[in-house]
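Engineer: Guided by the hints, dock chains H and F onto chain Z, whose structure is given.
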Amino acid sequence: METKYSVFVCESCTLSFSTTAGTDVIDITRPVAEKVAESGIAEGQALVFTPGSTAALTTIEYESGVVRDLIEAIERIAPKDMDYRHDARWGDGNGYAHVRSALLGPSLTVPITNGRLALGTWQQIVLIDFDNRPRKRQVVVQVSGLKSR
Amino acid sequence: METKYSVFVCESCTLSFSTTAGTDVIDITRPVAEKVAESGIAEGQALVFTPGSTAALTTIEYESGVVRDLIEAIERIAPKDMDYRHDARWGDGNGYAHVRSALLGPSLTVPITNGRLALGTWQQIVLIDFDNRPRKRQVVVQVSGLKSR
Amino acid sequence: METKYSVFVCESCTLSFSTTAGTDVIDITRPVAEKVAESGIAEGQALVFTPGSTAALTTIEYESGVVRDLIEAIERIAPKDMDYRHDARWGDGNGYAHVRSALLGPSLTVPITNGRLALGTWQQIVLIDFDNRPRKRQVVVQVSGLKSR
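Protein chains in written order, with this note's numbering: chain Z, 48 to 196; chain H, 48 to 196; chain F, 48 to 196.
For reference, chain Z alone in the conformation it holds in the complex (with noise of 0.2 Å):
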């Protein structure tokens, strides 16, 4: 007689992003999705993190209007062109995105149910990169939760 039974499962692994200067909203819905699926959880969640103070994430409907309308009202909020104190100090001209970045936040938990992201239909992942230079960028993908055996 087989028994069936579910473990707890916990793990990592390091997504890596070439980004262009400028605000650069990337989709990553798919390699996050396919971390859940070879991951074999059914139910648990996708922990979603970079490590880094000048890059969000949150989800979008990914098309480029209003990808570029999210990108209009960020402006809007920290705006590039101003004077911030970070950059007096430190000269690296990247002070706003620093500041866009605490304000977006760095993580995104998305429950994984029946064995996939519980994503909506239109809603996609995305990394937003803001610093103000091409970057190697890193994003913590961990899956969490019960599989069956």
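Note that these hints are calculated values from the structure, not bench results.
A hint or two may mislead.
Partner residues aside, some chain Z positions facing chain H, computed with beta carbon under 10 Å [to be verified]:
#1 Thr156
#2 Ile159
#3 Val187
A virtual CB, placed ideally from N, CA and C, is assigned to each residue, including glycine.
Structural biologist: This is chains H and F only, laid out in the frame that chain Z set:
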């Protein structure tokens, strides 16, 4: 002799809320707290997530004054009556709702300690629906953590 | 022969911080990192949560310039010297603090990988207290995940 031990549980359900057109702020604390109580989890977390790109989750003291203040602050950040590229392309008139949702975020995690949500006394979990038409809005509630046996 | 296996642990504690009136930004990375180290968790997450409706959590490079820049950006979004309905009703003068807290959010989750918080080098966890009077502010830190035995 009885043996007392803890097991990890992770359970999801989907709550459904009828929302009105315009920015609708709904206190969903009670149904979330009920799921926590039903789960029997002593130590863990409640992850609340809206699968959609025109709504968001946060916490607030749920009294009509500050709820109105929040709506007005959001209106300053991403005004309803602006030109959005999303609307120019797709004509559904809810570009502002997409931008607001991306800024506030679709996900909220609240710790469960001693079998209860670790909310402050004057702190409620709210679903904010920004869409420009009444919706039947889904919210995924996932409770996970340790349960005594 | 020794058997090596992993167990799931989930532990909470409450940290306490004395804050000043006005927007006070406090670096709480060290006490959170200490809880992670004490837990022995190799792979998991640290959930940081403020039970209250006039504070928020995020990450930032904790240097005085950019901290000041963030405070000024928040002041543009929800100015202190505006009329808030909350204040008209309740007279406690901290309507702005409630709005800011709802916009930034009370919750932050940071992955634990290889036994450590997966923060960037220049990325600190900060508690932001917006309230208009000094507070004894509580922060719930919950660490969960797998520990080798």
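Engineer: Next step is simple, just say for each hint if it's right about the structure.
Structural biologist: Hint check results:
{"no.": "1", "hint": "Thr156", "in the structure": "5 Å, holds"}
{"no.": "2", "hint": "Ile159", "in the structure": "8 Å, holds"}
{"no.": "3", "hint": "Val187", "in the structure": "16 Å, violated"}
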